Amino acid sequence: MAKLPNKNAIGSRKKLIAIVLTAVVLLVLPLVIDSDYIKHLLIMSSLGAILAMTFSLLYSAGLITLGAAAFYAIGAYASTLLVMNAGFSFWLALPLVVLIAAVLALGFGSVFVRNAGVAFVIISLIFVQVVIIAAGQLEFLGGWGGIIGISRPDAIGPVQFTSKTAFYYLMLAVLLLVVLAFNALYSSRMGRVWRAIKLSPHLAGTLGINPYKYRLLAFVVGSTVAALAGCFYAHYSQIITPGAFGGWLSIYVQLYAVVGGLEYYILGPIIGAVLMTFVPEYLRIVKEIEPIITGALLLIIILFFPGGILGTIKNSKVDPFWNLKGKGRSDKTGFKETAEVGRG
Amino acid sequence: MSLGLFVQLLVNALTIGSIYILMVLGLDIILRGTKILNFAHGQLYMIGAYVMFLFFQMLHVNYIVSLLLAGIALAIVGALSYLGIFAILSKRFTVSTSFSYRLLLSAMASVGLMMILQQGTLLAFGTQERGIQSPFPQILDIFDVRISLLRVVIIILSVLVCLGLYLLMYKTSFGRLLRAVSYDPEAVTLQGVNAFWILVLCFALGSALAGLAGAIIAPLFSVTNQMGQNVIFLSFLVLLLGGIGSYRGTIIGGLLVGLLLSFGFQFLGGVAELFVFMLVIIILIIRPGGLLGEATE
Numbered sequence: 001m002a003k004l005p006n007k008n009a010i011g012s013r014k015k016l017i018a019i020v021l022t023a024v025v026l027l028v029l030p031l032v033i034d035s036d037y038i039k040h041l042l043i044m045s046s047l048g049a050i051l052a053m054t055f056s057l058l059y060s061a062g063l064i065t066l067g068a069a070a071f072y073a074i075g076a077y078a079s080t081l082l083v084m085n086a087g088f089s090f091w092l093a094l095p096l097v098v099l100i101a102a103v104l105a106l107g108f109g110s111v112f113v114r115n116a117g118v119a120f121v122i123i124s125l126i127f128v129q130v131v132i133i134a135a136g137q138l139e140f141l142g143g144w145g146g147i148i149g150i151s152r153p154d155a156i157g158p159v160q161f162t163s164k165t166a167f168y169y170l171m172l173a174v175l176l177l178v179v180l181a182f183n184a185l186y187s188s189r190m191g192r193v194w195r196a197i198k199l200s201p202h203l204a205g206t207l208g209i210n211p212y213k214y215r216l217l218a219f220v221v222g223s224t225v226a227a228l229a230g231c232f233y234a235h236y237s238q239i240i241t242p243g244a245f246g247g248w249l250s251i252y253v254q255l256y257a258v259v260g261g262l263e264y265y266i267l268g269p270i271i272g273a274v275l276m277t278f279v280p281e282y283l284r285i286v287k288e289i290e291p292i293i294t295g296a297l298l299l300i301i302i303l304f305f306p307g308g309i310l311g312t313i314k315n316s317k318v319d320p321f322w323n324l325k326g327k328g329r330s331d332k333t334g335f336k337e338t339a340e341v342g343r344g
Numbered sequence: 001m002s003l004g005l006f007v008q009l010l011v012n013a014l015t016i017g018s019i020y021i022l023m024v025l026g027l028d029i030i031l032r033g034t035k036i037l038n039f040a041h042g043q044l045y046m047i048g049a050y051v052m053f054l055f056f057q058m059l060h061v062n063y064i065v066s067l068l069l070a071g072i073a074l075a076i077v078g079a080l081s082y083l084g085i086f087a088i089l090s091k092r093f094t095v096s097t098s099f100s101y102r103l104l105l106s107a108m109a110s111v112g113l114m115m116i117l118q119q120g121t122l123l124a125f126g127t128q129e130r131g132i133q134s135p136f137p138q139i140l141d142i143f144d145v146r147i148s149l150l151r152v153v154i155i156i157l158s159v160l161v162c163l164g165l166y167l168l169m170y171k172t173s174f175g176r177l178l179r180a181v182s183y184d185p186e187a188v189t190l191q192g193v194n195a196f197w198i199l200v201l202c203f204a205l206g207s208a209l210a211g212l213a214g215a216i217i218a219p220l221f222s223v224t225n226q227m228g229q230n231v232i233f234l235s236f237l238v239l240l241l242g243g244i245g246s247y248r249g250t251i252i253g254g255l256l257v258g259l260l261l262s263f264g265f266q267f268l269g270g271v272a273e274l275f276v277f278m279l280v281i282i283i284l285i286i287r288p289g290g291l292l293g294e295a296t297e
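Chains as they are written, first to last, in our numbering: chain A, 1 to 344; chain B, 1 to 297.
Hints are not guaranteed to be accurate.
Here are the in silico distance ranges between beta carbons for each label pair [what the hints assert, rightly or not]:
id: 1; chain 1: A; residue 1: ASP154; chain 2: B; residue 2: THR94; range: 49 to 57 angstroms
id: 2; chain 1: B; residue 1: GLN128; chain 2: A; residue 2: LEU275; range: 29 to 37 angstroms
id: 3; chain 1: B; residue 1: ARG179; chain 2: A; residue 2: GLY205; range: 47 to 55 angstroms
Listed next, the stretches of chain B that the computed footprint assigns to chain A, with coverage defined by at least 3 CB atoms under 8 angstroms from CB atoms of chain A [claimed, not checked]:
id: 4; segment: 86-92
id: 5; segment: 97-104
id: 6; segment: 110-117
id: 7; segment: 207-221
id: 8; segment: 231-237
id: 9; segment: 285-293
No wet-lab data here; the hints were simulated from the structure.
The model shown is predicted, which means the values in this text are computed figures rather than measured ones.
Note that beta-carbon positions come from the ideal geometry of N, C-alpha and C, so glycine has one too.
All chains should be built: construct the whole structure from the sequences, respecting the hints.
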């Protein structure tokens, strides 16, 4: 088991250098960039990355969700109502929204998760649709026109969140917290149980693991974090409409995870989200055929680079220090699916 | 509620329901055979309607012939998509590939196909609504109950398609092969059958059903490039309600959703869809596998 100490040290030094470099770049970025548009894209990428990480979290437990947008919307609406109508401070509303989302996720999840597999995919997709229809039809949720003029998060002491730069740093902090939390989850027993269930629910069952219980836990954690992202989205964009959560959003979220690298539960979504936020924006030059190019790009990645960007880099042995925790060990194709007992 | 209104709502329910049944039968055949959750199904439905518009409205081809042409055209589109995308994808899957990974990648591939078909149709036909002149504009008047003949024709056509599908699936050797491949492709291959081409035909058949559904409904609603997205969510809901892998369940689910939507929109307005969803949740609590399906891990 013991690795050569010097080899290990080189690995960790490389890793440390990579992390420090990334941190410096991320911290300096808004100071160098003047364009508000790019800062906006960066903020949206961080929101997308958080959503895609919740997708990957559920995927790590063998659940494929198309419903990331549902709890994103629930979080956005809950926090808007609490702040605008009930007069809460944003920072007080935040834990309340997390609580509400957790309770709702537990309630709905206990029904949804009973069918892992195709039925769960479909029901998560339909759930998004239902949340959108509910938001559009119910008067106190603002109807199809949505709610406008949502306040930015309240200032903490001297720190105001009115500028895009300030919000960028806020999102960076939130992203970091989510990454650390998820990393801790993946390295804990819970993360290992999830991966065991994904590999084979039956086998996990014979080891005394209740797949339903752990999948439900994954659903609750994922949904709660998605709702948290929704809070920040509502108070960043200052306007929420039911349409903003519909259609393509959920599909784009899983695209981020697939493009970045499905088996890299943390780094994959982040890289995928940044790339898939920026690339389509710059493809707007050819606006008419932009969805065709995005669709073709997606097909090419799925058909020929199944490991996603990270998996492909890893396989080409360019450099191994992408190895952040929380990913499955990959084989030649970038994937770990080898021992499958029964079709989970 | 007068008798007239009741009968009209009932006919509306049957029209909506029969279209959903055709859609979901196609989805189900594809899902069971090729293990693809086909997100492009709504777009195939839309292209079916555009083919109908092209032949029936623009080229004045006979109504029934246009319908058949729409079915054939979509079968070709389906077969080509399968050969071009899913066949390449499934080559990478082995027996040991986990089901969730397989499902995810095929579903994502179908999303890519959906984006291409959606935008391709938009570029080809533009955003404006295209109306198709009703081939049966007459109104039936039976004991003061007024029903549009077109809706009756739509219901009859859907029943005929279902009947044809039943005969194909249960009375021909192709149907037997298709069902066998859906059950266990490896065992079929061991019997000396080339399962690959059965799967191609399976995807083509499912696509043809979507195309027929679009073509049948096209004269009733106008043809737009949004129609695919509108129909796909409720189709998935019907699939779930009836139970995956049960044709009878699909038919019952389709009729139930048709009835709920038709009567719900009349008396409740737009929240009717919420009630449909509540019903599905309740049914899933009682029967996790849908009405007539089996729950899966």
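Against the structure, the hints:
no. : hint                                      : verdict
1   : A:ASP154 <-> B:THR94: 49 to 57 angstroms  : holds, 55 angstroms
2   : B:GLN128 <-> A:LEU275: 29 to 37 angstroms : holds, 35 angstroms
3   : B:ARG179 <-> A:GLY205: 47 to 55 angstroms : violated, 30 angstroms
4   : 86-92                                     : holds (count 3)
5   : 97-104                                    : holds (count 7)
6   : 110-117                                   : holds (count 6)
7   : 207-221                                   : violated (count 0)
8   : 231-237                                   : holds (count 3)
9   : 285-293                                   : holds (count 4)
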